Amino acid sequence: MVSNQHTGRPDMAAPDAAKAPAIELRGISKSFGPVQANKDISIRVMPGTIHGIIGENGAGKSTLMSILYGFYKADAGEIFINGTKTNITDSQTAIAAGIGMVFQHFKLVPNFTVLENVILGAEDGALLRPSLAKARKELTALAKEYELNVNPDSVVEDLSVGHQQRVEILKALYRRAEILILDEPTGVLTPAEADHLFRILENLRREGKTIILITHKLREIMETTDTVSVMRRGQMTATVKTAETSPEELAELMVGRKVLLRVDKTAATPGAKVLEIENLKVVDSAGVMRLKGINLDIRAGEILGIAGVAGNGQSELLEVLGGMHSATGTVRLNGKPLPLTGPGSDASARRDLGIAHVPEDRHREGLILDFHAWENVAFGYHRDAKYQRGMFMDNAALRADTEAKMAKFDVRPPDPWLAAKSFSGGNQQKIVVAREIERNPDLLLIGQPTRGVDIGAIEFIHEQIIALRDQGKAILLVSVELDEIFALSDRIAVMFDGQIMGVRNPATTNEKELGLMMAGITDTSALATQEASQNG
Amino acid sequence: MDKMPRWAEVFLVPLISLLLAAVLSALVILAIGENPWAAVKMMVSGALGSTYGWGYTLYYTTNFIFTGLAVAVAYHARLFNIGGEGQAMLGGLGVALACLYLPLPHWLIALPVAAIGAALFGAAWALIPAYLQAKRGSHIVITTIMFNFIAAGLLNYLLVNLMRPVGSMDPATDKFPEGTHLPTLHDLLAPIGIEFSKAAPANVTFIVGLLACLVVWLLLWRTRLGYEIRAFGHSEPAAVYAGINPVKITMIAMLISGGLAGMMAVNNVMGEAERLVMNAVEGAGFIGIAVALMGRNHPFGVLIAALLFGFLYQGGAELALWTSIPRELIVVIQALVILFTGALDHMVRMPLERLFLAFRKGA
Numbered sequence: 001m002v003s004n005q006h007t008g009r010p011d012m013a014a015p016d017a018a019k020a021p022a023i024e025l026r027g028i029s030k031s032f033g034p035v036q037a038n039k040d041i042s043i044r045v046m047p048g049t050i051h052g053i054i055g056e057n058g059a060g061k062s063t064l065m066s067i068l069y070g071f072y073k074a075d076a077g078e079i080f081i082n083g084t085k086t087n088i089t090d091s092q093t094a095i096a097a098g099i100g101m102v103f104q105h106f107k108l109v110p111n112f113t114v115l116e117n118v119i120l121g122a123e124d125g126a127l128l129r130p131s132l133a134k135a136r137k138e139l140t141a142l143a144k145e146y147e148l149n150v151n152p153d154s155v156v157e158d159l160s161v162g163h164q165q166r167v168e169i170l171k172a173l174y175r176r177a178e179i180l181i182l183d184e185p186t187g188v189l190t191p192a193e194a195d196h197l198f199r200i201l202e203n204l205r206r207e208g209k210t211i212i213l214i215t216h217k218l219r220e221i222m223e224t225t226d227t228v229s230v231m232r233r234g235q236m237t238a239t240v241k242t243a244e245t246s247p248e249e250l251a252e253l254m255v256g257r258k259v260l261l262r263v264d265k266t267a268a269t270p271g272a273k274v275l276e277i278e279n280l281k282v283v284d285s286a287g288v289m290r291l292k293g294i295n296l297d298i299r300a301g302e303i304l305g306i307a308g309v310a311g312n313g314q315s316e317l318l319e320v321l322g323g324m325h326s327a328t329g330t331v332r333l334n335g336k337p338l339p340l341t342g343p344g345s346d347a348s349a350r351r352d353l354g355i356a357h358v359p360e361d362r363h364r365e366g367l368i369l370d371f372h373a374w375e376n377v378a379f380g381y382h383r384d385a386k387y388q389r390g391m392f393m394d395n396a397a398l399r400a401d402t403e404a405k406m407a408k409f410d411v412r413p414p415d416p417w418l419a420a421k422s423f424s425g426g427n428q429q430k431i432v433v434a435r436e437i438e439r440n441p442d443l444l445l446i447g448q449p450t451r452g453v454d455i456g457a458i459e460f461i462h463e464q465i466i467a468l469r470d471q472g473k474a475i476l477l478v479s480v481e482l483d484e485i486f487a488l489s490d491r492i493a494v495m496f497d498g499q500i501m502g503v504r505n506p507a508t509t510n511e512k513e514l515g516l517m518m519a520g521i522t523d524t525s526a527l528a529t530q531e532a533s534q535n536g
Numbered sequence: 001m002d003k004m005p006r007w008a009e010v011f012l013v014p015l016i017s018l019l020l021a022a023v024l025s026a027l028v029i030l031a032i033g034e035n036p037w038a039a040v041k042m043m044v045s046g047a048l049g050s051t052y053g054w055g056y057t058l059y060y061t062t063n064f065i066f067t068g069l070a071v072a073v074a075y076h077a078r079l080f081n082i083g084g085e086g087q088a089m090l091g092g093l094g095v096a097l098a099c100l101y102l103p104l105p106h107w108l109i110a111l112p113v114a115a116i117g118a119a120l121f122g123a124a125w126a127l128i129p130a131y132l133q134a135k136r137g138s139h140i141v142i143t144t145i146m147f148n149f150i151a152a153g154l155l156n157y158l159l160v161n162l163m164r165p166v167g168s169m170d171p172a173t174d175k176f177p178e179g180t181h182l183p184t185l186h187d188l189l190a191p192i193g194i195e196f197s198k199a200a201p202a203n204v205t206f207i208v209g210l211l212a213c214l215v216v217w218l219l220l221w222r223t224r225l226g227y228e229i230r231a232f233g234h235s236e237p238a239a240v241y242a243g244i245n246p247v248k249i250t251m252i253a254m255l256i257s258g259g260l261a262g263m264m265a266v267n268n269v270m271g272e273a274e275r276l277v278m279n280a281v282e283g284a285g286f287i288g289i290a291v292a293l294m295g296r297n298h299p300f301g302v303l304i305a306a307l308l309f310g311f312l313y314q315g316g317a318e319l320a321l322w323t324s325i326p327r328e329l330i331v332v333i334q335a336l337v338i339l340f341t342g343a344l345d346h347m348v349r350m351p352l353e354r355l356f357l358a359f360r361k362g363a
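Residue numbers (this note's numbering), protein chains in the order written: chain A, 1 to 536; chain B, 1 to 363.
Bound-form chain A, shown alone:
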């Protein structure tokens, strides 16, 4: 029934029926137990437009798209595709209705070729050969039409992340998707790759496809979309023409109050070298060299930001310095060499020396999600004498400590007995940041400080990091958000393929230069700026 309506027009063709929205949601509600993820959401996405959906983590964007793609069933509400009421019960019906989805975490079989991945689930028969031949032809056509070039015979795991994403888009187009939903598509891309993606999206739009772009990055919304809808706490708070709005207004709509998008900070007053890294090398368990001779130093009272696309060795750098991974080379803390292997190189030894570590992934490393907040508040410092009472742990002291930190860092709800998993991302991160900053470390390692954190908490965490710097502490910041690197860093080092491509002064560099360096390109003019920044 859907396919009939697909090309033809509904019978009751009113004058504006030609402009029936590609997707219309009316009164969609969905709750998970006591949590209402979507509250009476109505939205119209016009065909041939790029429609942005923006909102903080947990605002309900992903739930809404999962309903549209048939992963969840809405408790109430109706879905209209091209003006026709459609009951989407599973992803098969969604695909049949012309909806394609590109997930944040790709759903590709890593050891299959591009071609095999594209036809997976859309084979024409029991024998693969005809399907593969057909797909190869179509892929060539699509590549020409939309700048979607990928070698059909490449094995997916050998492709860059940007290319893998193209495979996901090709998969959707191969299934005749007219409406393409992209969930946080630029999270893992270099700026150049992101630009390419947006060119692809622009081409698709020109061909009449409809695109829904889900993101939390205001800049992407402003640059690429025609219309933008803002979600907050499960509700659609506004839908506006992108041309008629500003980032400030969108941020306010997302958070519900005025937000400072820029971080206020004074110029750094760097002191003595706190951390010196020389020729640091790391080989992972698979025998691959992840750090290929890093040289860096960080002074007291400065923030060194490490920019780079995820997976270029930043995580390993943090892990080595935090004592989670052994390495070779020389690392000196306050002039004294740190053991990099064997006894005395583990994370608790690092903490004893005054290195605090906010890990990149708070769910995997920074917190034990099933533990109460008070059990997490000293995680890593649980051997401290103040938390011991005879042969037992002093749980009362831990809980008192938790209450104090929760008050100081405005953790909500301030309940020490709540499990860590029950806090929002921002409040979880506040617990971790409070734990590490309150130790008053000489060196703070901080990875992705605001990943999955709401705007309000981002502001707060940024202020805390800068306050620590102003106390004369050294800070190593790793983030894949270039905006964050620019906002916080006093110097920026760019990492690519386990190497430092150069160090730049944020005042004299720009996103384009960093983007090139993040892709492994350095040229002579870049070297000149590096010297300038080191002198300055």
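No wet-lab data here; the hints were simulated from the structure. Fair warning: there could be bad hints in the mix.
[Unchecked claim] With a straight-line Cα cutoff of 25 Å, these simulated DSS-like cross-link-like pairs (lysine-lysine) come out:
| # | chain 1 | residue 1 | chain 2 | residue 2 |
| --- | --- | --- | --- | --- |
| 1 | B | K41 | A | K281 |
| 2 | A | K386 | B | K135 |
| 3 | A | K217 | A | K281 |
| 4 | A | K107 | A | K85 |
[As the list claims (entries may be wrong)] Covered, in the sense of this in silico footprint (three residues per stretch, anywhere, with C-beta under 8 Å from a C-beta of chain B), are these stretches of chain A:
| # | region |
| --- | --- |
| 5 | 315 to 325 |
| 6 | 345 to 352 |
| 7 | 363 to 371 |
| 8 | 375 to 388 |
Please read these numbers as outputs of a predicted model, since none were measured by experiment. Heads up, the beta-carbon is just placed ideally off N, CA and C, and yes, glycines get one too.
Fit chain B to the known structure of chain A by using the hints.
Below, chain B alone, put in the same frame as chain A:
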């Protein structure tokens, strides 16, 4: 935010699982032409109707407490120790060596010495699988189950060739000397004027088992080691981040687990048989898995689950003795309880969660 209240999680889920198992068991008994209600009455009166019945029930309970705690401790470090059977066998060897070859004049001395022997031998039997898991990544489930067979073979060899008294045709050690005999509940309760069956095997080890529950609880939730074990069990990367050594924690958790399983031997070898016989463990090591599952790996949950399984064992034995329900069917009933409370936990949990959610939304 929890899907259902804690009381429902802790009591309602196991209770409904048990009822389902009971209903299915009743149908099976009906199918072979017996009266299920009479069978239930027989089980209850046989296991709980007299101090003699209680004496057996508590004896089995004690076995299951130790093997259940063993599984629970390892589980908190996300290690699935299914080698309780073998570790308890070796614990028996430790008890036998202590009782036969050390001068132990009184049970008050014999009990701690034998308990230490049992724990040491049980822990030693867990040592190799623990090392292989910690250092080489050999899966603990595979290695511990293999070690059950090796333990059986080893004990067989020792009893037949080395420890069997000259002239005996029984693959068992000599009787332990008088000084090592543990007081039964009859001996313990008589001075305070409580009449308890003389013939039942429940003995002072039951009290040791209760203490063990308390100690394990303190260990897991009040000490730094327990904190580190639980943190490691929840997330290994997080443990590494916090400076907890995974190798060390894996080894320690498995040694404690093996030690607890080994200590079961104080009950069955020292307290009941008073000599080491072949196959003394009688599957209690495996029942421990079900006990820990049903007890949600909490020491007090383990205690309650161990009581239930003690009741099932004793009640089942009575049923086999006094009715024409065949012995095999009693095994089926016990298996149904294990199946429903252990393996099919989610079958009950999921609809119940939905029910609670629906109820809350309505409220």
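Checked hints:
Annotation: proposed proximity of K41 (chain B) to K281 (chain A) is violated, straight-line Cα distance about 72 Å (limit 25 Å). Between K386 (chain A) and K135 (chain B) the CA atoms are separated by roughly 33 Å; this puts the pair beyond 25 Å, and the hint is violated. Distance check on the hinted pair: K217 (chain A) and K281 (chain A) sit about 34 Å apart at the alpha-carbon level, beyond 25 Å; violated. Restraint check: the Cα-Cα separation between K107 (chain A) and K85 (chain A) comes to about 29 Å, which exceeds 25 Å; the hinted pair is violated.
Closer than 8 Å: that is the beta-carbon criterion, and the region 315 to 325 of chain A has 3 residues meeting it against chain B, so the requirement of 3 holds. Using a Cβ-Cβ cut-off of 8 Å, 6 residues of the region 345 to 352 of chain A lie near chain B, which meets the minimum of three, so the contact claim holds. With 8 residues carrying a beta carbon less than 8 Å from a beta carbon of chain B, the region 363 to 371 of chain A meets the three-residue requirement, and the given coverage holds. Interface restraint, the region 375 to 388 of chain A with chain B: holds (6 residues with C-beta to C-beta distance below 8 Å; minimum three).
Of the numbered hints given earlier, the model fails hints 1, 2, 3 and 4; all others are met.
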